[in-house]
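Colleague: Could you build all of it, start to finish, from the sequences and the hints given here?
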Amino acid sequence: MTRKTRRLWIVIACLACVGSAAALTLRAFSSNIVFFMAPSQVKANPPSPDRTIRLGGMVMAGSLHRINENGTPVNAFQVTDGQAAVEVHYTGILPDLFREGQSVVALGTVQKDGGFTASEVLAKHDETYMPKEVADELKRTGKWDPRFGKAPDASSWDTMTAKKAGG
Amino acid sequence: MFGPEQGHFALALACVLALVQFAVPLWGANRRDARLVGLAPYLAVSQLLALGYSFLCLVMCAVSDDFSVQNVAANSAVSKPLLYKITGVWGNHEGSVLLWTLILAVCGGAVSLFGRNLPDILRGRVLAILGGVSAGFQMFCLLTSDPFERVFPAPMDGQGMNPLLQDPGLAFHPPILYTGYVGFAVPFAFAVAALIEGRVDAAWGRWVRPWAVAAWCFLTCGIALGSWWSYYVLGWGGYWFWDPVENASLIPWLTGTALVHSAIVVEKREGLKIWTVLLAIATFSFSLSGTFLVRSGILNSVHAFANDPARGVFILALLAIVIGGSLALFAWRAPSLTSTGLFSPVSREGSLVLNNILLCSICAVVVTGTMYPPFMQLLAGRTISVGKPFFDAATIPLTLPLLLAMGIGTALPWKRAQLARTFSHLYAAAGIAAIGLALCFWKLSGILPIACGALAIWVIAASVSDVLRRVGIGHTSAQGVWERMKNLPRSSWGAALAHIGAGITILGLCGMSQAEHAIVEVHIGETRSLAGDDWTLLDVHDYIGPNYKAMQADIAIRHNGKLVTILHPEKRDFTTQSQTTTEVAIHTNFITDLYGVVGDRHGTGKDTTYVLRLHRNPLAPWMWLGGLVMAIGGAFSLSDRRMRIGAPKRAAARNMARA
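Chains as they are written, first to last, in our numbering: chain A, 1 to 167; chain R, 168 to 826.
None of these hints come from the bench; they were simulated from the model.
Heads up, the beta-carbon is just placed ideally off N, CA and C, and yes, glycines get one too.
Errors might be hidden in some of the hints.
Said to hold, decoys possible - Partial chain R-side listing against chain A, Cβ under 10 Å, derived:
{"#": "1", "residue": "Leu401"}
{"#": "2", "residue": "Val520"}
{"#": "3", "residue": "Ile524"}
{"#": "4", "residue": "Ala531"}
{"#": "5", "residue": "Ile551"}
{"#": "6", "residue": "Lys555"}
{"#": "7", "residue": "Pro556"}
{"#": "8", "residue": "Ala560"}
{"#": "9", "residue": "Leu565"}
{"#": "10", "residue": "Glu688"}
{"#": "11", "residue": "Gln746"}
{"#": "12", "residue": "Thr748"}
{"#": "13", "residue": "Thr749"}
{"#": "14", "residue": "Val765"}
{"#": "15", "residue": "Val778"}
{"#": "16", "residue": "Arg780"}
Said to hold, decoys possible - Here are the computed lysine to any residue pairs in the SDA-like style, where the Cα-Cα straight-line distance is at most 20 Å:
{"#": "17", "chain 1": "A", "residue 1": "Lys4", "chain 2": "R", "residue 2": "Glu437"}
{"#": "18", "chain 1": "R", "residue 1": "Lys555", "chain 2": "A", "residue 2": "Leu26"}
{"#": "19", "chain 1": "R", "residue 1": "Lys555", "chain 2": "A", "residue 2": "Thr52"}
{"#": "20", "chain 1": "R", "residue 1": "Lys716", "chain 2": "A", "residue 2": "Phe98"}
{"#": "21", "chain 1": "R", "residue 1": "Lys555", "chain 2": "A", "residue 2": "Glu120"}
{"#": "22", "chain 1": "R", "residue 1": "Lys716", "chain 2": "A", "residue 2": "Pro95"}
{"#": "23", "chain 1": "R", "residue 1": "Lys555", "chain 2": "A", "residue 2": "Arg54"}
{"#": "24", "chain 1": "R", "residue 1": "Lys582", "chain 2": "A", "residue 2": "Thr2"}
{"#": "25", "chain 1": "R", "residue 1": "Lys555", "chain 2": "A", "residue 2": "Leu107"}
{"#": "26", "chain 1": "R", "residue 1": "Lys773", "chain 2": "A", "residue 2": "Thr72"}
{"#": "27", "chain 1": "R", "residue 1": "Lys247", "chain 2": "R", "residue 2": "Met323"}
{"#": "28", "chain 1": "R", "residue 1": "Lys555", "chain 2": "A", "residue 2": "Leu24"}
{"#": "29", "chain 1": "R", "residue 1": "Lys582", "chain 2": "A", "residue 2": "Arg3"}
Modeller: Here's what the structure looks like:
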């Protein structure tokens, strides 16, 4: 075994491994990337029901209620970005940091009827943090200008939207 | 005596000492001045003393409730238990940076004390590099995140700590994990010193390996502990969430594992030198960027960066200097290192090369999955995320050949192997693996879990049969076996243990892929069944704890009518922080975990219902048990005589003195 043939073997092994790693990564990316969407984006162009997305926004104040589907408790609440609201259904125990009027991120799929079925609900650990899309949306609609201090209390503009959305 | 000002001064003193420790030995080594180089160990030890004093001051501030110190006021409170006052010191950004540099100084002190047999110049350069890294982070601590900053007026009581963090598992997780991260600074310093010197030989491999193995043990324990903590505290029934903070610890673990293996080839066969040096640099670079970039949230969200631009810019500059500098040095000097050991592809070296390539490919996949979303957000402005499905699909297929090679590799001899002969050693292991495959088909569902499970059994069986073959079971008498067992190097025992541990962890992961859970809403006295067990909610009662109100449920679990256990999950309300935490109840028999969580209470009177989440997690404890076995294996091989630095040299020196 000369130095050259050994090097050839190593190069072949490297190429094979790195190549398959790249192929696996690309394949996994194409089917498993999860996009973040704000409720208004979901309303504007709903993704297909087999596509998992992350829906982020504020839990509309006063929208949380429970439905009992044959012994399984389902939490239903509206998630809003100040523009549009989406009804979210989640089977399970809501995280400890889940609050009405505060930000939430839900992982799941958009149903044909426009509702959202979440498989996972995450509440942000930092209570002042607001998803960037929501902040941008608030700025765009003129409800908040970051130059003039902190964002308005979520509960105030959530109720505002709730009225506008007819809820 | 232990006030914040003293601590601040000691930190500044340590920083100056670290700068001297960086500059003087390097200059001395360049001029071949033995006196200047000889200063390095003294500087390292005095830097350690100064920093240790500084850290002690911060601990004393927290213990004595000195709320004029901003860090204590923000993170502690009078009512906090003493243990968490102490551990809370490293539960925040400033304190954790101080702990980080303290551990780095401890590494420097350890090299000074245990490295007496290193050549003086090499030891001087290694300590200089460690001092330079130390100085950078101490400056970061002093200039942008001063833990001793005072507030005026001092508040009467502190803001308290996140109740989620008041847990013994989390209290000791950061120091262990940090020791793992920082420990890789020593192989890094050795690599840079070797590049400056332009020489890497078998002795270098022998000196580096114990440090790499020690750091690897701590990192393994730290990751296992963190995963265990999220399993029993967060109450989601999960153990690994593939979030950037977790990946930041997995990435250096993968390259560190590769480093521990490739250093063997340097030591035994003087091969793979350039590659090993590169791995040492890469592992520490990943540790650094992991702790500081990901943990500080710079990459996760631009938000955190904007909060304190000075911090972010400082860290980025520091990372650029350390990582960029060492890589530039590598590019400049690496071509002068040449490997001498020749080997055929089918040999122990060949299998170690394959191990390295596979581990690095997995690492590349994890890095891509972790870095792609933040970069997409920065460049294209789209928020995306990748989670468990991505990492499962991309990493598991690469793990399968790694497991296969793990079993064969230890049976192969160095330099050149005959496949037929090697396979004849592996018949028994292959037979057991075949039985394991049948067992997996019966118990598990899904192709990947079955394949992983069978291969994990294969790894365990091959490791056991390798040890049995080496001690000569079936070939020699009991007396001979005992003699051979005593003579078998501890590093062989360690390697076998570590591989068995990896197999156990993989089996645990396979078991967890079959976990079942149910979310139910029940009245008191109602029974639900999950996977053959009957779960009955017996009672729910409220009680008042030291600083919280709690709701505790009693859930009886029966299997075929026989009582297995009664679980007591709780939900706690911390009134001062207005926070709720979930206390999971777990019953384990080391084969299956029964895991119960109590959620919300709804309705009143007779109609009161409770939401419960019930999990049945097969083989869950094996995941962490395997991690522990791996770390024990590493520690075992550390105790090998050959690993103790320069042991033969010391004996030779003694003989010379006698003559």
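Colleague: All hints, please: hold or fail.
Modeller: These are the hints, each one checked on the structure:
1. Leu401: 9 Å, holds
2. Val520: 6 Å, holds
3. Ile524: 5 Å, holds
4. Ala531: Alanine 531 of chain R check passes; min Cβ-Cβ to chain A is 6 Å, inside 10 Å.
5. Ile551: 5 Å, holds
6. Lys555: 9 Å, holds
7. Pro556: 4 Å, holds
8. Ala560: Hint on alanine 560 of chain R: holds, closest Cβ of chain A at ~4 Å, below 10 Å.
9. Leu565: Hint on leucine 565 of chain R: holds, closest Cβ of chain A at ~6 Å, below 10 Å.
10. Glu688: Holds. Min distance 4 Å.
11. Gln746: Since the shortest Cβ distance to chain A is 7 Å, the answer is holds.
12. Thr748: 6 Å, holds
13. Thr749: 6 Å, holds
14. Val765: 9 Å, holds
15. Val778: 5 Å, holds
16. Arg780: 5 Å, holds
17. A:Lys4 <-> R:Glu437: 17 Å, holds
18. R:Lys555 <-> A:Leu26: 15 Å, holds
19. R:Lys555 <-> A:Thr52: The hint holds at about 13 Å.
20. R:Lys716 <-> A:Phe98: 19 Å, holds
21. R:Lys555 <-> A:Glu120: Holds: lysine 555 of chain R and glutamate 120 of chain A sit about 13 Å apart, inside 20 Å.
22. R:Lys716 <-> A:Pro95: 18 Å, holds
23. R:Lys555 <-> A:Arg54: Holds. Lysine 555 of chain R to arginine 54 of chain A sits at ~14 Å (cutoff 20 Å).
24. R:Lys582 <-> A:Thr2: Answer holds: lysine 582 of chain R to threonine 2 of chain A is near 12 Å, not above 20 Å.
25. R:Lys555 <-> A:Leu107: 12 Å, holds
26. R:Lys773 <-> A:Thr72: Distance of about 19 Å is within 20 Å: holds.
27. R:Lys247 <-> R:Met323: 14 Å, holds
28. R:Lys555 <-> A:Leu24: 14 Å, holds
29. R:Lys582 <-> A:Arg3: Within the cut-off at roughly 13 Å; holds.
When the structure is compared with the earlier hints, no violation turns up for any of them.
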